[in-house]
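Residues per chain, in single letters:
There are 2 protein chains.
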Amino acid sequence: MPRFFMDEGVLSGIIQITGRDAEHIKVLRLRPGETFTICDGRGTDYICRLLEKKGQGFEAEVIKTVSSEGEPTVNCTVYTAFPKGDKAETIIQKSVEHGAAKIVFFPSVRCVSRPDGKAVIKKLERWRKISEEAAKQSERGIIPEVDVLDSFEAAVAEASKAEMPLFFYEGDTDYSIKQALSSKSKYDTVSVVTGPEGGFEPTEVTKAREHGMLISGMGKRILRCETAPLCALAAVMFHTDNL
Amino acid sequence: MPRFFMDEGVLSGIIQITGRDAEHIKVLRLRPGETFTICDGRGTDYICRLLEKKGQGFEAEVIKTVSSEGEPTVNCTVYTAFPKGDKAETIIQKSVEHGAAKIVFFPSVRCVSRPDGKAVIKKLERWRKISEEAAKQSERGIIPEVDVLDSFEAAVAEASKAEMPLFFYEGDTDYSIKQALSSKSKYDTVSVVTGPEGGFEPTEVTKAREHGMLISGMGKRILRCETAPLCALAAVMFHTDNL
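For the protein sequence lines, the chains are A and G, in the order given.
Mapping to this note's numbering: the first sequence position 51 is 269, numbers consecutive.
Mapping to this note's numbering: the second sequence position 214 is 432, numbers consecutive.
Honestly, the hints are just simulated from the structure, not real lab data.
As the structure is a computational prediction, the values presented were derived from the model and not from experiment.
Among the hints, erroneous ones may be present.
Since the list gives no way to pick one copy over another, a pair counts as held whenever it fits inside one copy or between any two copies.
Listed below are the simulated EDC-like cross-link pairs for lysine to aspartate or glutamate, each with C-alpha atoms no more than 20 Å apart in a straight line [what the hints assert, rightly or not]:
| no. | residue 1 | residue 2 |
| --- | --- | --- |
| 1 | Lys354 | Glu388 |
| 2 | Lys305 | Glu289 |
| 3 | Lys379 | Asp334 |
| 4 | Lys404 | Glu428 |
| 5 | Lys438 | Asp258 |
| 6 | Lys271 | Glu343 |
| 7 | Lys438 | Glu289 |
| 8 | Lys336 | Glu241 |
Kindly generate the complete structure, drawing on both the sequences and the hints.
Below is the structure:
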């Protein structure tokens with residue numbers, strides 16, 4: 219069913235659909251009487267019926283409200299070192315599909331790309347649109363936030379607050395991802411920290427361990443920087459019964 | 219460590235490295251005395267030392283042989299309906315990283331793309347190179363085969379021979395992937411069958427069930443056709459202790 223996100227505040231009585239959402243309804247050739255979903259981005263879906271064209275937009279009415287089924291029971295944030303080229307876009311789109319709650323990029327010693335200032339503002343605008351589109355397509359109940367942090371230290375300081383704080387490294391590790399996820403019986407928040415193309419520096423691993431992160435591996439195969447967060451997310455969702 | 223694939227037959231005494239592999243050694247600026255790995259594509263790694271330039275190529279000697287660590291203990295083949303555009307390339311590259319043994323494409327009712335004849339031959343050539351490159355990069359012990367089948371029926375007939383034959387569907391399913399993977403205690407072969415952009419037709423699901431495939435879901439989120447096989451592979455590798 220077509221899916222849009224709108225603020226909860228406008229989701230009562232006759233709903234006015236304008237702008238990009240109205241364009242999308244035209245593209246989909248939805249007709250009066252047909253149903254679609256408007257999600258409030260906070261976990262509730264409003265099943266709506268299209269009424270009629272109104273100026274450049276459309277009117278719709280709410281038939282019923284239900285909990286968004288697409289939200290996993292675990293809150294998992296992905297922290298990824300800035301990758302090269304357009305890999306950040308792939309990571310965002312696929313992380314949203316996999317059920318991430320939030321995606322955060324940060325600089326790391328071996329990062330080739332380190333956007334800052336104006337470049338970051340422009341990228342964030344684009345990245346947030348990608349998250350919204352992926353959330354619509356994959357039927358999420360929220361639009362996962364996309365953000366950047368300005369240092370590795372800030373990333374591990376934040377990531378280490380999760381009840382299951384996972385830091386992925388290709389060198390010597392303390393756990394496999396399966397051992398790490400099995401090391402506690404219950405947790406509601408998970409963080410997944412992955413490195414840039416060249417991997418993390420050993421000094422960064424030491425810092426992460428000092429912050430209490432679980433230094434974990436993901437099998438014997440070398441994963442590309444855009445593959446690692448997705449493989450980790452799939453494992454987290456599988457282990458927590460969200461797959 | 220740089221990694222190449224060569225036939226077992228040439229891997230004794232002084233090894234001659236020519237063609238694309240020699241070009242790669244030049245690009246990497248490997249010097250005499252430096253070590254690299256030649257894998258026989260059958261699970262054995264030959265740790266080699268570069269000797270000297272010889273004509274357009276190089277000579278090398280074997281220092282020792284070891285089992286390729288990158289091979290998972292489970293043999294998992296991915297069967298995916300032909301996707302649009304260059305998504306097949308993404309699926310191949312990432313499936314190899316995730317540990318797939320083989321990747322097979324097949325036509326399905328809702329496939330928009332159905333390459334045949336010359337187009338398939340050209341695509342297969344390109345796809346196999348992508349598999350080889352991904353196998354080198356991810357340190358696999360084999361180059362996963364890439365193939366096409368000419369019908370949906372052929373795909374489910376072949377896929378259903380696996381000890382754990384998984385068929386993914388977005389509609390009503392008999393199992394979650396976790397339930398399906400937990401429904402037997404031991405298996406060495408797994409197949410993962412995923413659909414095209416528009417999903418499988420219900421008639422196809424019926425046929426798959428008749429072939430004995432386990433009709434399974436992968437959570438409440440709608441995964442894109444290029445995401446589903448990778449999420450399934452990650453779950454298979456996690457469940458079988460290969461992550």
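Hints, one by one, checked against the model:
1. Lys354 <-> Glu388: Result: close only across copies, 16 Å inter versus 34 Å intra.
2. Lys305 <-> Glu289: neither (24 Å within a copy, 26 Å between copies)
3. Lys379 <-> Asp334: Neither. Shortest intra-copy (25 Å) and inter-copy (53 Å) distances fail the 20 Å Cα cut-off.
4. Lys404 <-> Glu428: neither (23 Å within a copy, 39 Å between copies)
5. Lys438 <-> Asp258: between (42 Å within a copy, 18 Å between copies)
6. Lys271 <-> Glu343: Neither, since 30 Å and 51 Å both go past 20 Å.
7. Lys438 <-> Glu289: Classified as between; 8 Å across copies, 31 Å inside a copy.
8. Lys336 <-> Glu241: neither (29 Å within a copy, 40 Å between copies)
The structure is inconsistent with the numbered hints 2, 3, 4, 6, 8, although it conforms to all the rest.
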